[in-house]
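Residue strings, one per chain:
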Amino acid sequence: EAQVTQNPRYLITVTGKKLTVTCSQNMNHEYMSWYRQDPGLGLRQIYYSMNVEVTDKGDVPEGYKVSRKEKRNFPLILESPSPNQTSLYFCASSFLAGGQETQYFGPGTRLLVL
Amino acid sequence: ELKVEQNPLFLSMQEGKNYTIYCNYSTTSDRLYWYRQDPGKSLESLFVLLSNGAVKQEGRLMASLDTKARLSTLHITAAVHDLSATYFCAVDLASYQLIWGAGTKLIIKP
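So the sequence lines, in the order shown, correspond to chains A and B. The numbering of the first sequence is this note's numbering, which starts it at 1 and goes up by one. The numbering of the second sequence is this note's numbering, which starts it at 1001 and goes up by one.
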């Protein structure tokens, strides 16, 4: 089954404790992206990647890191989480064909930073 | 600063009625997406609009794109309860970055 998986789905942590949210897709998509969703703000793009070893900042990259060592995986790293990073996070992937095609979204990771 | 504005942000309507959600954006783009999100769920793609004048239809939903006016519309025909959800538009910048609208929460009452 074609899918984007994220782990964990729910996470409660404390300020400053490094964490990683994993994202994996099995569709051989070139493009992968991370978003955060906050009430009333829609989705805001954190980082995106157009292929292995190619990443770029989105709208709100501060406090986040990513890596793309393999085509299928695109982990999101919070080196020192803060309460303002409490949010719902989505990973997404798509093909690139002269531009970005339809994105497939993961189930989301709900993060609470105390 | 690029802005993507949806309106209305909240819409409550009766089954059987027609309505339109608007998505205005402030920069040049030839590619716009519509997504649906059910409460507590992930996002699901509805339409990809790739050029000026593009129109796509799926069931009771029809989306269109006017790149000159920087406007996309999502029209709902004869609404049914199952269409209750939050609808997002997203604009594709040439750099493969997406900017999203705040979403329109649609409630359809029997």
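Note that these hints are calculated values from the structure, not bench results. Ideal placement from N, C-alpha and C gives every residue a C-beta, glycine not left out. Please note that a few of the clues may not be correct.
[Unchecked claim] Simulated restraints, written as ranges between beta carbons of each label pair: (1) B/Arg1060 to A/Ala97: 39 to 47 Å; (2) B/Leu1009 to A/Pro8: 26 to 34 Å; (3) A/Phe95 to B/Leu1009: 25 to 33 Å; (4) B/Lys1109 to A/Arg110: 27 to 35 Å; (5) A/Leu41 to B/Gln1014: 26 to 34 Å; (6) B/Asp1030 to A/Pro107: 27 to 35 Å; (7) A/Thr86 to B/Phe1010: 20 to 28 Å; (8) B/Pro1039 to A/Leu96: 25 to 33 Å; (9) A/Ile77 to B/Asp1038: 26 to 34 Å; (10) A/Thr5 to B/Ile1107: 26 to 34 Å; (11) B/Leu1009 to A/Pro107: 35 to 43 Å; (12) B/His1081 to A/Pro107: 23 to 31 Å; (13) A/Val14 to B/Lys1068: 20 to 28 Å; (14) A/Thr86 to B/Ser1084: 21 to 29 Å.
These are the hints, each one checked on the structure:
1. B/Arg1060 to A/Ala97: 39 to 47 Å: violated, 28 Å
2. B/Leu1009 to A/Pro8: 26 to 34 Å: holds, 31 Å
3. A/Phe95 to B/Leu1009: 25 to 33 Å: holds, 31 Å
4. B/Lys1109 to A/Arg110: 27 to 35 Å: holds, 29 Å
5. A/Leu41 to B/Gln1014: 26 to 34 Å: Given a distance of about 29 Å, which is inside 26 to 34 Å, the answer is holds.
6. B/Asp1030 to A/Pro107: 27 to 35 Å: Given about 31 Å between the Cβ atoms, the range holds.
7. A/Thr86 to B/Phe1010: 20 to 28 Å: Between A/Thr86 and B/Phe1010, where Cβ atoms are some 24 Å apart, the hint holds.
8. B/Pro1039 to A/Leu96: 25 to 33 Å: holds, 31 Å
9. A/Ile77 to B/Asp1038: 26 to 34 Å: Taking Cβ atoms as reference, A/Ile77 and B/Asp1038 lie about 29 Å apart, which means the hint holds.
10. A/Thr5 to B/Ile1107: 26 to 34 Å: holds, 31 Å
11. B/Leu1009 to A/Pro107: 35 to 43 Å: Check failed, 25 Å falls outside 35 to 43 Å.
12. B/His1081 to A/Pro107: 23 to 31 Å: holds, 24 Å
13. A/Val14 to B/Lys1068: 20 to 28 Å: With Cβ atoms ~51 Å apart, the hint is violated.
14. A/Thr86 to B/Ser1084: 21 to 29 Å: holds, 27 Å
Figure legend: structure checked against the earlier numbered hints; hints not met, in rising order: 1, 11 and 13.
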